[in-house]
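From first to last, the protein sequence lines stand for chains A and B.
Residue numbering for the first sequence follows my numbering, starting at 24 and increasing by one per position.
Residue numbering for the second sequence follows my numbering, starting at 2 and increasing by one per position.
None of these hints come from the bench; they were simulated from the model.
Just so you have them, the derived chain A footprint on chain B, three or more residues with Cβ under 8 Å:
#1 43 to 50
#2 109 to 116
Residues of chain B placed beyond 12 Å of chain A at every Cβ, according to the derived structure:
#3 V13
#4 T14
#5 G17
#6 D19
#7 E21
#8 F66
#9 V75
#10 Q81
#11 Q84
If we take Cβ atoms under 8 Å as the criterion, some of the chain B residues that face chain A in the derived model are:
#12 D57
#13 L92
#14 L106
Cβ atoms here follow ideal geometry from the backbone N, Cα and C, with glycine treated the same way.
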Amino acid sequence: SQQGEEDPQALSIQEGENATMNCSYKTSINNLQWYRQNSGRGLVHLILIRSNEREKHSGRLRVTLDTSKKSSSLLITASRAADTASYFCATDASDSSASKIIFGSGTRLSIRP
Amino acid sequence: GAGVSQSPSNKVTEKGKDVELRCDPISGHTALYWYRQSLGQGLEFLIYFQGNSAPDKSGLPSDRFSAERTGGSVSTLTIQRTQQEDSAVYLCASSPTPGWGNSPLHFGNGTRLTVT
Numbered sequence: 024s025q026q027g028e029e030d031p032q033a034l035s036i037q038e039g040e041n042a043t044m045n046c047s048y049k050t051s052i053n054n055l056q057w058y059r060q061n062s063g064r065g066l067v068h069l070i071l072i073r074s075n076e077r078e079k080h081s082g083r084l085r086v087t088l089d090t091s092k093k094s095s096s097l098l099i100t101a102s103r104a105a106d107t108a109s110y111f112c113a114t115d116a117s118d119s120s121a122s123k124i125i126f127g128s129g130t131r132l133s134i135r136p
Numbered sequence: 002g003a004g005v006s007q008s009p010s011n012k013v014t015e016k017g018k019d020v021e022l023r024c025d026p027i028s029g030h031t032a033l034y035w036y037r038q039s040l041g042q043g044l045e046f047l048i049y050f051q052g053n054s055a056p057d058k059s060g061l062p063s064d065r066f067s068a069e070r071t072g073g074s075v076s077t078l079t080i081q082r083t084q085q086e087d088s089a090v091y092l093c094a095s096s097p098t099p100g101w102g103n104s105p106l107h108f109g110n111g112t113r114l115t116v117t
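Input sequences plus hints: build the corresponding full structure.
This is the structure in structure tokens:
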């Protein structure tokens, strides 16, 4: 079963607007990561946030983490056409001695010119 | 430096045939993961290797699927007696540190498997 679920499944916005994607997960985690995927091929790591952090920034990306609600959000500010891609959250399980990393179902983001 | 390499990039096979998919991780990365992604879907965890520890095979969908990692480096995912529902992109990823997700995963470009 999926550890993380993204919301919305698909998002279409105008270039220049901000895009917000949400991720919910089920079990306790050590950290949460966000990835981007173009054209259904390999994923690229965007940002990692640890369970003791609440917010993290990287360029136009802002990630928040609320462990009490078991949720995270990814905000992309001032979107560009090149941001069109699928975005996935990924989590590990903090109670596992050999933790696998589980991905959510993803949000497909389309930026309209 | 070289990234994660997967081969072949595309594979078309007939139903019932066996296939082998190869993954060359980044040198020195101890963790290696296999995922499967059906069209328009998320990533489904298949198997996880960490150093010399026994692999976590909990995601393998059936006994037709198996994977090996030789010498802690190259990994091969084998699918026996392929079925049409096995058609998907198979993604490999490696990481320099053990589980816990402390380091990002580095992904290959995947093998697109089509079973006819």
